[in-house]
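Residue numbers (this note's numbering), protein chains in the order written: chain Y, 134 to 408; chain U, 134 to 408; chain H, 686 to 1053; chain A, 686 to 1053; chain V, 138 to 322; chain L, 138 to 322; chain B, 616 to 720; chain G, 616 to 720.
Be careful, since some hints might not be right.
[As the list claims (entries may be wrong)] Output of the computed footprint for chain H on chain Y, the stretches with three or more beta carbons under 8 Å from beta carbons of chain H:
(1) 208-220
(2) 277-289
[Unchecked claim] Each computed DSS-like pair below joins lysine-lysine, with the alpha-carbon atoms no more than 25 Å apart:
(3) H:LYS1034 with A:LYS1033
(4) H:LYS961 with H:LYS921
(5) L:LYS262 with A:LYS1033
(6) U:LYS229 with H:LYS873
(7) Y:LYS284 with Y:LYS331
(8) V:LYS194 with H:LYS961
(9) U:LYS186 with U:LYS332
(10) H:LYS961 with V:LYS301
(11) A:LYS961 with L:LYS203
These aren't lab readings, by the way, just hints derived from the structure by calculation.
Virtual Cβ for every residue (Gly too), placed ideally from N, Cα, C.
Chain by chain, the residues run as shown.
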Amino acid sequence: MNGTQEPINGMEVVWEKPSTLTETRMHYCPGCGHGVVHKVLMDVIEEMGIQDKTIGVAPVGCSVIAYNYMNIDMQEAAHGRATAVATGVKRVLPDKIVFTYQGDGDLAAIGTAETMHACNRGENFLIVFINNGIYGMTGGQMAPTSIVGMKTSTTPEGREVHTQGHPFKITEIIAMLPGTYYVTRHSVHTPTTVRHFKKAVEKAFKYQQEKKGTCLIEVVSNCPSGWKMTPLQSNKWIEEKMFPFYPPGDLKVDGKLVEKKPIPPAATTEIKESK
Amino acid sequence: MNGTQEPINGMEVVWEKPSTLTETRMHYCPGCGHGVVHKVLMDVIEEMGIQDKTIGVAPVGCSVIAYNYMNIDMQEAAHGRATAVATGVKRVLPDKIVFTYQGDGDLAAIGTAETMHACNRGENFLIVFINNGIYGMTGGQMAPTSIVGMKTSTTPEGREVHTQGHPFKITEIIAMLPGTYYVTRHSVHTPTTVRHFKKAVEKAFKYQQEKKGTCLIEVVSNCPSGWKMTPLQSNKWIEEKMFPFYPPGDLKVDGKLVEKKPIPPAATTEIKESK
Amino acid sequence: MSEVLLMEGNEAAAEAAILAGCDAYFGYPITPQSEVIEYLADQGRKRGMVVMQVESEVAAINMVYGAAGAGARVMTSSSSPGISLMQEGLSYIACAELPCLLININRGGPGLGTIQPSQGDYFQSVKGGGHGDYHLIVLAPASVQEMADYVYLGFDLADKYRNPVLILADGALGQMMEKVIFPDYDPKQRKISKPWATTGKTANRPPNVITSLHLQSEDMEKINIHLQEKYRQIEKNEVRYELISTDDAEYLLVAYGLSARICQRVIEIARQQGIKVGLLRPISLYPYPYEMVSKLADQVRGILVVEMNAGQMVEDVRLGVNGKIPVDFYGRMGGIIPTPEDTLTSLKKLMNKTQPKKSSEKLIKEKV
Amino acid sequence: MSEVLLMEGNEAAAEAAILAGCDAYFGYPITPQSEVIEYLADQGRKRGMVVMQVESEVAAINMVYGAAGAGARVMTSSSSPGISLMQEGLSYIACAELPCLLININRGGPGLGTIQPSQGDYFQSVKGGGHGDYHLIVLAPASVQEMADYVYLGFDLADKYRNPVLILADGALGQMMEKVIFPDYDPKQRKISKPWATTGKTANRPPNVITSLHLQSEDMEKINIHLQEKYRQIEKNEVRYELISTDDAEYLLVAYGLSARICQRVIEIARQQGIKVGLLRPISLYPYPYEMVSKLADQVRGILVVEMNAGQMVEDVRLGVNGKIPVDFYGRMGGIIPTPEDTLTSLKKLMNKTQPKKSSEKLIKEKV
Amino acid sequence: MTHEIIFAGFGGQGILSMGMTLAYSGVVEGKEVSWMPSYGPEMRGGTANCIVIVSDKRISSPIVSKFDALVAMNQPSVDKFEKSIKPNGLLIYDSGNIVVPPTRTDITVAPVDIESEVLKLNNLKVRNMVMLGAFLSVCQVVSISSVVKALPKVFPERYHHLLKINQEALERGEKLVIEAATPIA
Amino acid sequence: MTHEIIFAGFGGQGILSMGMTLAYSGVVEGKEVSWMPSYGPEMRGGTANCIVIVSDKRISSPIVSKFDALVAMNQPSVDKFEKSIKPNGLLIYDSGNIVVPPTRTDITVAPVDIESEVLKLNNLKVRNMVMLGAFLSVCQVVSISSVVKALPKVFPERYHHLLKINQEALERGEKLVIEAATPIA
Amino acid sequence: MAVRGTVKIDVETCKGCELCIEACPQDSLAMSKEINTKGYHYAVLIQDNCTGCINCALVCPDAVITVYRAGKKKDPIATITNVKHDIKIMVDNPDVPAGEGRLDI
Amino acid sequence: MAVRGTVKIDVETCKGCELCIEACPQDSLAMSKEINTKGYHYAVLIQDNCTGCINCALVCPDAVITVYRAGKKKDPIATITNVKHDIKIMVDNPDVPAGEGRLDI
Ligand SMILES: Cc1ncc(C[n+]2csc(CCOP(=O)(O)OP(=O)(O)O)c2C)c(N)n1
Ligand SMILES: Cc1ncc(C[n+]2csc(CCOP(=O)(O)OP(=O)(O)O)c2C)c(N)n1
Ligand code: SF4
Ligand code: SF4
Ligand code: SF4
Ligand code: SF4
Ligand code: SF4
Ligand code: SF4
Ligand SMILES: [Mg+2]
Ligand SMILES: [Mg+2]
């Protein structure tokens, strides 16, 4: 917590904006999950007292200017190359805390190779993966994670498997890679899920300090603008449409796969072949 | 079969070089598995009578001039882009038979994104994946699939997980992707394994004709030169060192994962963390 | 089709591609050209085209390679950073002599830069951003109509020379709307046969191979000599430019794309003030109209190059001028569009230097 | 360290990197430069460097970005197709002003081409293969000793200007062996502090940000103006070249790298035949020694540019010459190295055209 | 005759489609037109503007820095572009949204209370058409009937049920301006 | 004094290291040297050659097309490079591997039966050192003792047990040539 | 019942997404009728039953809510800070307010 | 026992990898003492017990073996075709014969 807010009427401040967030107003659309995730990340960094040793990497995507909001050293990465950039940073500064903050287009489309290989090498950093099932920044095109039938500006009739492939459950795949230590899926659309997500971030930073290897936290998030919904509608849509395909929960803990997760993606039923 | 060989002493020809192989002498090192795989592929194409509708794509790697040996239309692809090139071919010629012929460096390092996404889209072609655990062509550098401890020209002390990551079981991962229909691992170092491999190729082409989606056949192969062994030694090494980590057998049949396979890779014991 | 439509440049190019019989499009979204893929994802798919949003620009250009090698009319589009990712693929395509069309809706660079219009990719486009000696045919439209027209022309030139063609347009041309008329064009009549394509080896011919590899230096040199000969042909046949008010011009503006539109306005204003200035608008940036530059250099007293970059085309103009007269430059960077007024001011500066006497010709201006 | 060693160019560069205090190397194998990563994988790792063979050249250049942004001395190396893949990353690095070293052991292109030596990547290197207005500082060694020397120089220039430096050498320079002496160089003394690096935001400073994004055109133009000013500084301070036998020269050869070595032999032979010919060897290809070209153009009767490509540097020479004298070209492509004899023949052809009288100066040769 | 007009306001105010409608109306009348948006990094919201040129002859630059008219829907637009109006040009603005009025005296200034009119129409989305009508009543770049013909082309088919209300808005706007000194040709 | 020598033969015959040994010996004697391999797409096997220049002054081109001497280990090498020897130059070759002998008369031709000698030494790998010794006995580019000093630098440490046999091979080679007309300085 | 908590909302930074309202278990929050400079309706405390549970603050994407909880004190009020003007900026589509949005790079 | 099969080996193309020898269940094959033009010892049939099982042909990377099987006929012989010369080309390392190998691109 910031500590700058005065008590009111003798009441104590129990939540305030963390000092690790700058004063700059965020540009995100109203209700966008990016803001919540920013806030939680910075909250944890403040609480853990690691502001002076944390370096963030945010590639192109709606969060491209995260550096305007996160009050820490940051690098902006080319589209898809966040994990490569983070590898460069972490390998020369192994004692710092490094995280990437990537969208689904970035991590699971153009950056697939970099993502897979960083995780396979077990790069000792945290990947925060914002899965909003769309290219928010460029105006709502299909993302690799767009679910089947989802209408986007490049799938005006809805995503269809034959041309555009299956929604890509890359988190399930990353959990299989031997380099990852902690892989988990969250959301930030309710107070409870925000609390859980915060715990996950804390854990991941702790594991990084213990040099356990790659941690990845997927956040199933919204994009009210891209989805053409109100924030409340979009949060409902997360629960109704995204969760069945991207169920929240841990996929890998302490370097071991969590058994009960509905893996493999191939077995999920929503995917309709349209050959 | 070629049909050009005359019977001898009244004996019938029971095996001869297929006509789908050109007369050009192959440049491969003595005993190299590339030659065997070429031969079997072309044998099947001859037998199935699909020479006139098959288009092969071979990217950079020792087999870069496969087009000198395979008597079919072919495209040479940039390093790592075989599946992208094949996607281009197959999408505009959906009724032709298309296959890629890729090394482990090509398919699992630089081409990771293209490989994963082609398989995820279920591109309706065959990927022949020659896993010799090394960059043969460029002189024996580490490949993503080099096993832990393997000495290569870029891992003179043996592959070690911290710097170079874990050997990458990409075939297991590809089997998880919903777009793949048939994923199997073979070798061609004995007469029996060659026979099995040939069956697999036949199946894969058949599935392609039936538009089932992506088929991938991994061939665990040798590289006598890169491994600095005689051909016989290298074939022994395949069995002793490669098979425990890359066990032959089907991983996915008829679009369904084969249950018994030792998945996930994370669970294999050979990998020693060296953090 | 003589209906007059009002369209964005990006959409006009996309519609033209459909009408030109483009078989397949592989691409990846990026501002300010995402409307191309969005239009095609809707209209193109409905009208039978293969339209794929793929995993990256690297994949896209290599899919273009595959589809072009298989004999299809194929294209991709992107903007600056995405085009940079395609450089290896383009070098392969150029060497393997595969016809295809590429559109770069140029934004402000370098790096991630801005999404505002720019002409900063001139060098990359005309000198070859990829490795080795090769050329793209580069066409620079200056209106929405030309955004459409050069798609047809581009496909035809690509097929004719078995060479990749690049349409280089700044972001503004992609985003602005103007009238456009789509010409009568029957793809069936215009598409030529491609006996070299990999469509399956039939009994009556040897296998077709698409490759850019030639192990022996001697062979590779032969390929290069062949390419260079082709480029000389292209340089002979395909130089395109527009001359505006040059007949009596004492000063010359040289500009392409949106900058050329600005310059037209400059001419209008300048001529009202009695300044005899004309415009050479290169349409083909490769092959470059060196000869026309040289000819006009014999006529005019000085040249002002106007670009939305740091002065990249200045080098080509100077190569054409060959020291005969001064060459000045005015440009803006980072997505800013030069105004006619500021451009005119630069022209006047040039005039001040050249008016006194023709002997001051030795003065050579470096670019800004 | 004054021991004389016999080393391959690739290995000499790698050893120099270690001695220059290079902190990290990220790369991917490709002939004819794999010895760089192989040497470092052995020696570099043993001596404490981070040496990583990574998934691709695209990953490698972005790791360089990350490590450079974190304040490390960092490098990568590749050959032509691999360098093409790095163009987006390089444009980002140039814009974010990150110091780093890149080595391109140039092979014959375009496309997959051959692995034989070439200088076909000249344009890509000096005009910017990536998008936007930026420059790499480009150094062209011509001996194994220089392969080592320019690694030190490269790192120092990179730090000084916060600019990527490219060593451009053809395959032969990577593969050949010559004597090499490693200079006394104490990285601790030479490495400068990098207060802008992302090493963790301490309480006494605002966050450090590495970025190439500037949303507002005005800001992006400012960045560009700043870069252009830096380039003008570099052009003022860092032009490097070697003159051989130019004092009394009536003809001039202009060549870099291995071609320049060939040209030295040409001079030996030619001078035996009484031909007064000299050599200008640009060492920095960017910034280019235009002024020296111009000065020599006042002295000599004609210039022969010699390259292992289709004549790319000819344009820069002509920009320097500015029409004063004829510029001819002799070159080979596809991995073939020009012989001194054939080069001499070309020189004599040029002489035939120019000897009669100086008035024939207007004749301008186009490149082959 | 050439008209160079800039439309400016907040992103959500229908600025771009107002300009587009005018451009399309020009096409209907067989004129040359260009429509150039200032597309910025902040595509949704923020300020937006577009330059529309309608002319009898080929249009040279689609981007100009001086305008015959400014159609301003908010305060920042007036602040930013007032100085770019040519002498004797026109500034028409939504008086309901402007606190500090323009100060130039060498131009025609036409405040129009779009806001109130829109509230009467009970549809926020037609604000731009009210303004366009008002603008065209002062500056006859094209006729209202051409705009009415253009509307079906500007609106995607799925919005064609809104044509009527838009047409009504146009006409209401046309009648709004009574104050303007002299119409500008 | 400058010597420009080309070594040529099959890939497996130790051609490149023969040249490298000579180059290193030049370094031992404080001379300028260059060693330029013809690195081809077929790295293993096939034909191999390298150009070695040893000189008192700075070496201009490390690649030349005319040579003072050709050291040929197989037939294709003789066929290919015989014509590139300068007049009065030297062609030394392994007569055990050559079927069609060279024909030029304006050069010194020195056939040496390396093959038999190697068999005597019972080690195929030292063939190149026998040849180098033979060559140096005819053409004193460097002294044998310099070569002996150079050997430990050419061989990686793990092969240093082979130094002795290589030295022996050198010396055997040196004594082999008795036929050569005149030594070439 | 004693007042247990309260919130302070920086209404000028609030984007009116209503997530806090949805998240409040006490229904203590509602949207203002007025809009702020950026054109958004903003969240306001409408009851004094806030428990200081911080739910609203957790889900607020723009971190504009500060939450207070009572020790033994009382007299809480909702404090609205930083309202600059109340210019009427109306937007076409109330779902998609003007003034903010995605960057397009 | 009647001869059941035989093989024809294109010894000029054989690279002497010995995989066929390993693969032959009958031990019918062995390496030649001689070498071919490319410097390889090559495979030869050394017994007439070949069954025509094609094992050798299956594993041969260079597709140089043709296999025959008897119907009712006999008199098989191993036929060696295409031996061009027998020049002695010795290689340093017998494991790695000259004349072939990886391309390096
Ligand atoms: C090489 C390259 N290609 C494309 C783009 C354009 N681009 C920017 S962000 C983006 C995708 C954004 O989607 P995502 O990563 O899911 O992030 P989000 O905006 O949804 O948070 C794209 C395609 C680019 N900047 N660079
Ligand atoms: C962009 C690019 N990077 C690197 C290379 C060099 N290269 C050619 S093949 C190859 C790897 C070969 O290994 P693999 O794919 O496993 O095939 P193998 O030779 O083992 O059969 C590499 C790195 C290249 N040609 N292009
Ligand atoms: S476009 Fe989508 S992801 Fe981007 S800021 Fe707006 S709501 Fe968030
Ligand atoms: S290098 Fe290895 S993979 Fe390549 S041909 Fe030789 S043995 Fe085969
Ligand atoms: S702190 Fe809790 S009770 Fe108080 S307003 Fe926020 S959500 Fe409601
Ligand atoms: S969640 Fe925050 S931004 Fe959204 S309405 Fe509530 S206070 Fe405003
Ligand atoms: S066919 Fe069978 S038995 Fe005959 S040689 Fe071959 S492997 Fe041996
Ligand atoms: S397997 Fe083939 S190449 Fe190998 S030894 Fe036998 S016949 Fe020769
Ligand atoms: Mg997204
Ligand atoms: Mg391999």
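Quick rundown of the hints versus the structure:
Counting residues of the stretch 208-220 of chain Y whose C-beta sits closer than 8 Å to any C-beta of chain H gives 4, which meets the bar of three, so the coverage hint holds. Under a criterion of three residues with beta carbons nearer than 8 Å to beta carbons of chain H, the stated coverage of the stretch 277-289 of chain Y is upheld, 5 such residues being counted. For the hint pairing LYS1034 of chain H with LYS1033 of chain A, the CA-to-CA distance comes to about 44 Å; that exceeds 25 Å, so the pair is violated. The hinted pair formed by LYS961 of chain H and LYS921 of chain H fails the criterion: a straight-line CA distance of about 30 Å is larger than 25 Å.
In summary, the hint linking LYS262 of chain L to LYS1033 of chain A is not supported, as the alpha carbons are separated by about 48 Å, beyond the 25 Å threshold. Under the criterion of a C-alpha separation no larger than 25 Å, the hint pairing LYS229 of chain U with LYS873 of chain H is consistent with the structure, at around 22 Å. Annotation: proposed proximity of LYS284 of chain Y to LYS331 of chain Y is violated, straight-line Cα distance about 31 Å (limit 25 Å). Between LYS194 of chain V and LYS961 of chain H the alpha-carbon distance is near 21 Å, which keeps this suggested pair within the 25 Å criterion.
Proposed proximity of LYS186 of chain U and LYS332 of chain U is supported: the alpha carbons are some 20 Å apart, at most 25 Å. Distance restraint check for LYS961 of chain H and LYS301 of chain V: the Cα-Cα separation of roughly 52 Å exceeds the 25 Å cut-off, and the hinted pair is therefore not satisfied. In summary, the hint linking LYS961 of chain A to LYS203 of chain L is supported, as the alpha carbons are separated by about 23 Å, within the 25 Å threshold.
Checked against the numbered hints given earlier, the structure breaks hints 3, 4, 5, 7 and 10 and satisfies all the rest.
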